[in-house]
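Student: The lines below spell out each chain.
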Amino acid sequence: MSYEDFQKIKIFCGVIATIGLYTVLYKENKFYRFFEHMFLGLAGGWMLVTLWTESLKEAWWDAMMGRVSDAGTPVVESNGNYIWALLLPIGIMGYFVVSKKHAWMSRVPIGIIIGLWSGQQFSAWLKKYGPQLQASMSPIAPTNVESFFRPVPTDAADLVEIAKFTYPSQAIVNLVALITLLSVLSYFLFSIDFKSKAMLGMTKLGRYLLMIGFGAIFGSTVMMRFSLLIDRMYFIFIEFVKQTLFGLT
Amino acid sequence: MSEVVEPKSAETKSLGEKLLSIPKPALYLALILATAVPLFFPVPLPNEPKDTAKALFAAINEIPDESTVIIQSDWTESTRGESRGQMDILLRMLMRKNVKFAICSAADPQAPEVFRNLVFKLNAERKELKLREYKKWDDWVELGFYPSAEALGQAIAADIRGAFAGKRDAPPGGDDRPVFESPVLKDIVKVDDLSMYLVVTGTKSIIIAIERFSDKVKMGGMVTGVMGPETANYFYSGQLKGLSAGLKGVYDMCSLEEVAHPGTTKLKREEQYILSLHVAIFLLIAAVIVGNVGVFLTRRSKP
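These protein sequence lines map, in sequence, to chains A and B.
Take the first sequence: its letters are residues 7 to 255, numbered as in our numbering.
Take the second sequence: its letters are residues 60 to 362, numbered as in our numbering.
Zero decoy hints are in this set.
Not everything, but these chain B residues come out facing chain A in the computed CB check (under 7 Å):
no.: 1; residue: Thr94
no.: 2; residue: Arg139
no.: 3; residue: Gly140
no.: 4; residue: Pro168
no.: 5; residue: Gly284
no.: 6; residue: Val285
no.: 7; residue: Ser296
no.: 8; residue: Leu306
no.: 9; residue: Leu336
no.: 10; residue: Ala339
Cβ-Cβ distance ranges computed for the label pairs, FRET-style:
no.: 11; chain 1: B; residue 1: Leu86; chain 2: A; residue 2: Pro95; range: 50 to 58 Å
no.: 12; chain 1: B; residue 1: Val354; chain 2: A; residue 2: Val103; range: 47 to 55 Å
no.: 13; chain 1: B; residue 1: Asp251; chain 2: A; residue 2: Trp90; range: 28 to 36 Å
no.: 14; chain 1: B; residue 1: Ala345; chain 2: A; residue 2: Gly221; range: 14 to 22 Å
no.: 15; chain 1: B; residue 1: His320; chain 2: A; residue 2: Ser144; range: 30 to 38 Å
In short, the hints are calculated from the structure, not lab data.
Computed from a predicted model, the values in this text were never measured in an experiment.
Backbone N, C-alpha and C fix where the C-beta goes; we use that ideal spot for every residue, glycine too.
Modelling step: build the complete structure from the supplied sequences, incorporating the hints.
Tutor: Below is the structure:
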């Protein structure tokens, strides 16, 4: 069998599996179940092999056992370091979570992971939100009114020069961002019972702005789901029917 | 004794009720047609690239020729519709500039294989076009899959050589050697030495990477539509130098590259995708309008 024939069979199998999975739109059926289980089995098997070949083999096994070059004359490339073996029982302890009697053992690896993760969070939080807090403090008064919109830079030097100023359009955007920030924050101030009309209006505005934000995110999510379907249609009709069956480009 | 309500037949249903009871299979069929038919009749749509994509395009073009970047590839066939286009245009731009790249994955074990297949396809295309083939080891290396994005990010930020210590790769037909002996990574001692760190993902792994080392290296992101709005914050705060989100992002990047280097991208394929997307969105809007008209007519007809 040639490589091209193998590719055709591979695409054909992919098409059958795609159609099989979409049959659930009609109703739950055995055809769908078969491909669902096949997909899960393949994904599980693939994950196990990949974890070993792409990750554990070099990062753990070779480090523990040492490495001998297999090119021509054997040469020791790195010595073994058996302290790495200690990771195995710690890892295995994690699986005792399924045993009622020995579940306490699983707390050891879980505790180590949580400890490591928690330690990282201090610097991670600052690196994540620090620049965003800084960026949200933008001027709301224009510093250059020669043009309403920010001019298009002609070169890198021009870009630096333009960046020094806040143009009216940017100031308006910054003002909208500031109002959004304050009104949304006020919506989440549950510990204070607002009485004044101004503050009640502020929290209401915050709620509406949140809804607009969620709507935009939802719209983007829907488009992404469509793109998944479009890609499957492309796979079936263009890559399989047009290109593979009819040999058209 | 409760009264049994007989379902109304099609003849006895009012227009509003008919609009509200369009059978689901008919809607699915309409959706399949709406997404499949435009694929056969691609029409270029007017497009104004977004600032985020323009910035990413500029940032990639600013990467010095023949320098080294790391690509974190965290996508698989499940987000192929968007992520394949993202990775495709990214690799074409890097290959045009002879930029060397090392590739790692931290979200899905299938990601390395999916990436490998794409590089092989691009190399086959370059061979046909009589362009220089991108050679494993000399031009690109694989850094493997890491099951914890947090641990990988932390390790890269602290000591990139330690993070990938023991990782080996080989030229085609040659013996494997440590990746830091390769022309791609031999001059990389710390993460700052990279020209850029690019993440192509359908997950939150880009945010984990930003949290760990966005202050040390220029970062660019190519994400799916779902991750787009959330990731945009990091662009506007300067943590990302550029961002391409969703199909629109791919279309933007391809359009920009086509203007600078005509005939070097898969713009035609992206035109097919984006047209289908627009038709599908029109169908969705039509369905929402029909549903709302149905509700309005039904309520009005009630005594």
